[in-house]
Amino acid sequence: MSQENILKIENLVMHFGGIKALNDVTFDIKRGSVSALIGPNGAGKTTVFNCITGFYKATGGNIMLSANGKETSVIKVLGEAFRLTDFFSPIAFFQRLKYKMFGGSHLVNRAGLSRTFQNIRLFKEMSVVENLLVAQHMRVNRNLLGGILNTKAYKQAESDALERAFYWLGVVDLVDFANRLAGELSYGQQRRLEIARAMCTNPEIVCLDEPAAGLNPSETEALTKMIRVLRDEHNTTVLLIEHDMGMVMDISDYIVVLDHGEVIAEGGPDDIKTNPKVIAAYLGAEEGEEMTL
Amino acid sequence: MSQTAGMNYKQCFIDAVVAALMALVVFGPIMGIVLDGYKFDIDFQRVGWIVSIVFVGRLFMSYYFQTAKGQAMLFKYANNHDGVTVNPPNHKSKMIWVIPLVMVIGFLIPFIASKYILTVLILGLIYVLLGLGLNIVVGLAGLLDLGFVGFYAIGAYSLALGYENLGLGFWSMLPIAAIAAAFAGAILGFPVLRMHGDYLAIVTLGFGEIIRLILTNWVSLTHGPNGISAPLPTFFGLEFKRRSAHGETFHEFFNLPYDSGYKYMFVYLVLFAVVWAVLFIKHRLVKMPIGRAWEALREDEIACRSLGLNHVLVKLSAFMLGASTAGLAGVFFATYQGFVSPSSFTFFESALILAIVVLGGMGSTLGVVIAAFCLTVLPEMLREVAEYRVLLFGILMVVMMIWKPRGLVRVTRNGFAAREGVIK
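From first to last, the protein sequence lines stand for chains D and Z.
Quick note on the working numbering: the first sequence kicks off at 7 and runs consecutively.
Quick note on the working numbering: the second sequence kicks off at 3 and runs consecutively.
Just so you know, these hints were derived from the structure itself, not from any lab.
Treat the hints with care, since some could be wrong.
[Stated by the list, open to error] Reference listing, derived: stretches of chain Z covered by chain D, where coverage requires no fewer than 3 residues with Cβ under 8 Å from a Cβ of chain D:
(1) 293-300
(2) 305-312
[Unchecked claim] Derived CB-CB ranges, DEER-like:
(3) D:G273 with Z:G208: 56 to 62 Å
(4) Z:I101 with D:A159: 24 to 30 Å
(5) D:A159 with Z:G208: 40 to 46 Å
(6) D:F88 with Z:F192: 18 to 24 Å
(7) D:A98 with Z:H248: 56 to 62 Å
(8) D:K158 with Z:I98: 22 to 28 Å
[Unchecked claim] Listed next, the in silico DSS-like pairs over lysine-lysine satisfying Cα-Cα at most 27 Å (straight line):
(9) D:K161 with Z:K94
(10) Z:K117 with D:K130
(11) Z:K117 with Z:K243
(12) Z:K78 with Z:K406
(13) D:K104 with D:K82
(14) Z:K94 with D:K158
(15) Z:K284 with Z:K94
(16) D:K130 with Z:K94
Just so you know, even glycine gets a beta-carbon here, dropped at the ideal spot from N, CA and C.
Isolated chain D, as found in the complex (with noise of 0.2 Å):
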């Protein structure tokens, strides 16, 4: 598509209750790039994430998705309250009402998004192929007398599915383990899966909460690879949070600094990383003292 930008967040707002978690985030990701998501903890780097993948519904502000050749607002689709203007145009109104009934954060991930969770979020009790065909839901044939008799066309669709299954946990390494819970993997191994089963969904942009945690220095070098490979092969955008700088600095294109609900930095790691009010964030230093990460 011609648009630059994948993802348009403009004066993203998220208030709990009294808590102002988020005041006015804007910012941009490139469509093809590896962005970060950096910042202190409690900065409100995963409400962003949450915000962005329709989990919280954002106060106030834009969220504009363009993937899969189209716009969506996601928090259009999450089901927004009538407005006065609605009675007079039924257009509007009805529309309003479909997502207010059958909208969600699954209406995001249909229009090209998906996401990993910071405590891994796996279907344990089912196997790992399991898991990765649950992601291809909306792509093999739902049909249900189709499937009951088994037509020729279902399994055609479900052959198709386990191809694509096992192509991606040949990507993350995983072939060994396909029939496998995916409750009895390791935890590094559960990180990978939950990449492959995102990636499942054959999302433009994927989300990774946190992908490097519990990983040791080895497993995080594999991860910085296969997140290259998602970018380079598969022309998918990457967007994560991250708290190894190691990691973020080396394969991110461009980095934005939350702190306090706000983006006090962004730019490419080596703007990031001389920049004042990040180090003074980080580290607590008075701003004007010099310091370097």
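Position chain Z against the provided structure of chain D, taking the given hints into account.
Here is chain Z on its own, set in the frame of chain D:
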């Protein structure tokens, strides 16, 4: 094992005394005091027997678990909690031999068995259907539904009311009742399926009671607590009555002497076929995308949403399919009894169906079939001790929770053969 070096007799004795005291507290008032008009007699002997049996039993149990054999047994069961296993890809189920055998035996039974056995088996099969329906909702989709009996009632009353008001018979009402129950499931489900766990359980509990109260109080339509009669199935238009107002009856057509057993034979055979059809559909459903989506939803709803599954529609489909199965069961119940009244659809029925699913193993088809027969056929066989039925039921549940907390039959998952990965 090293602990077995010294047998701890003191511990055995203490365990046994504690168990005996508890038995005294529980059974003392229940069995020791016998009402006699306005007075009561105290029966020490019965209580004494029960308490001494418990004492001796516990003594032996404590002793046994201190021997090496007992220790090994305890160890085995303590490590038996990993319920789910994945079969290897080329796994061949032994069921391939069992299923045709059961089918043939089941088909031949009505021609051999007495009318009484047949009615018990019909009841067992009805509960198999109910168990399979609830197994979709509770076992696969993980939605705790305490008002399942409501859909059963809708199925049963559909047949009776359809016959009375619209003149529709068994065969036309069979699919209509399933659809009506599914529709009721959708109406209940849409607003409440955004809730989870305990909240959902309470709302569905309320739904079951609402249905029963409507059936009791809407006297002009349902005849209230008096109930209504339900029609028998017909065999290509032939009725199973002694004489019919319209046309020939079954025994006249085939020149047989009249026997009231024919109708049970026919109901049994139709029900048997329907149960196999439902079993087959269930077997396919768990392998299909929708079955996988149900199980994924049980495992983690938030992850499901992040993968593009509309959780409300997935839950709704489970609810509707489960309800339609209960509707089918209701039709058979009504036609087998020839009569329906609200008193057949109390909360106890819901609890019994839930017990079938829990006992059989959540999500296990075979387990549910076995458990349904255990819980309906066993009480019939134990008619002599009918007074202690609920007690036995409780003991069974406690024993199950200790030895087999995940149900009678272990849940297994299908493996997939590794293949070349291709992305298109």
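Hints and how they fare:
1. With 4 residues having a beta carbon nearer than 8 Å to a beta carbon of chain D, the region 293-300 of chain Z meets the requirement of three or more and the stated coverage holds.
2. Using a Cβ-Cβ cut-off of 8 Å, 8 residues of the region 305-312 of chain Z lie near chain D, which meets the minimum of three, so the contact claim holds.
3. About 57 Å separates the C-beta atoms of G273 (chain D) and G208 (chain Z), a value consistent with the hinted range of 56 to 62 Å.
4. A beta carbon spacing of about 27 Å between I101 (chain Z) and A159 (chain D) agrees with the range 24 to 30 Å that was offered as a hint.
5. For the hinted restraint 40 to 46 Å between A159 (chain D) and G208 (chain Z), the CB-CB distance of approximately 43 Å keeps it satisfied.
6. In this structure the hint that F88 (chain D) and F192 (chain Z) lie 18 to 24 Å apart at CB holds, the actual value being about 20 Å.
7. For the pair A98 (chain D) and H248 (chain Z), the beta carbons lie near 59 Å from each other, so the given range of 56 to 62 Å is met.
8. Judged by the Cβ atoms, the range 22 to 28 Å given for K158 (chain D) and I98 (chain Z) holds: they are separated by roughly 24 Å.
9. Using a Cα cut-off of 27 Å, the hinted pair K161 (chain D) and K94 (chain Z) holds, with the two alpha carbons roughly 20 Å apart.
10. Annotation: proposed proximity of K117 (chain Z) to K130 (chain D) is violated, straight-line Cα distance about 48 Å (limit 27 Å).
11. Taking the CA atoms of K117 (chain Z) and K243 (chain Z), the gap is about 16 Å. The hint holds against a cut of 27 Å.
12. Taking the CA atoms of K78 (chain Z) and K406 (chain Z), the gap is near 12 Å; set against the 27 Å cutoff, the hint holds.
13. For the proposed pair K104 (chain D) and K82 (chain D), the alpha carbon gap of about 11 Å is at most 27 Å, so the pair holds.
14. With a C-alpha separation of about 23 Å, the suggested pairing of K94 (chain Z) with K158 (chain D) holds against the 27 Å cut-off.
15. A threshold of 27 Å between alpha carbons decides the hint, and for K284 (chain Z) with K94 (chain Z) the separation of about 19 Å falls inside it, so the pair holds.
16. With a C-alpha separation of about 25 Å, the suggested pair K130 (chain D) and K94 (chain Z) falls inside the 27 Å cut-off, and the hint holds.
When each numbered hint is compared with the structure, a violation occurs for hint 10 only.
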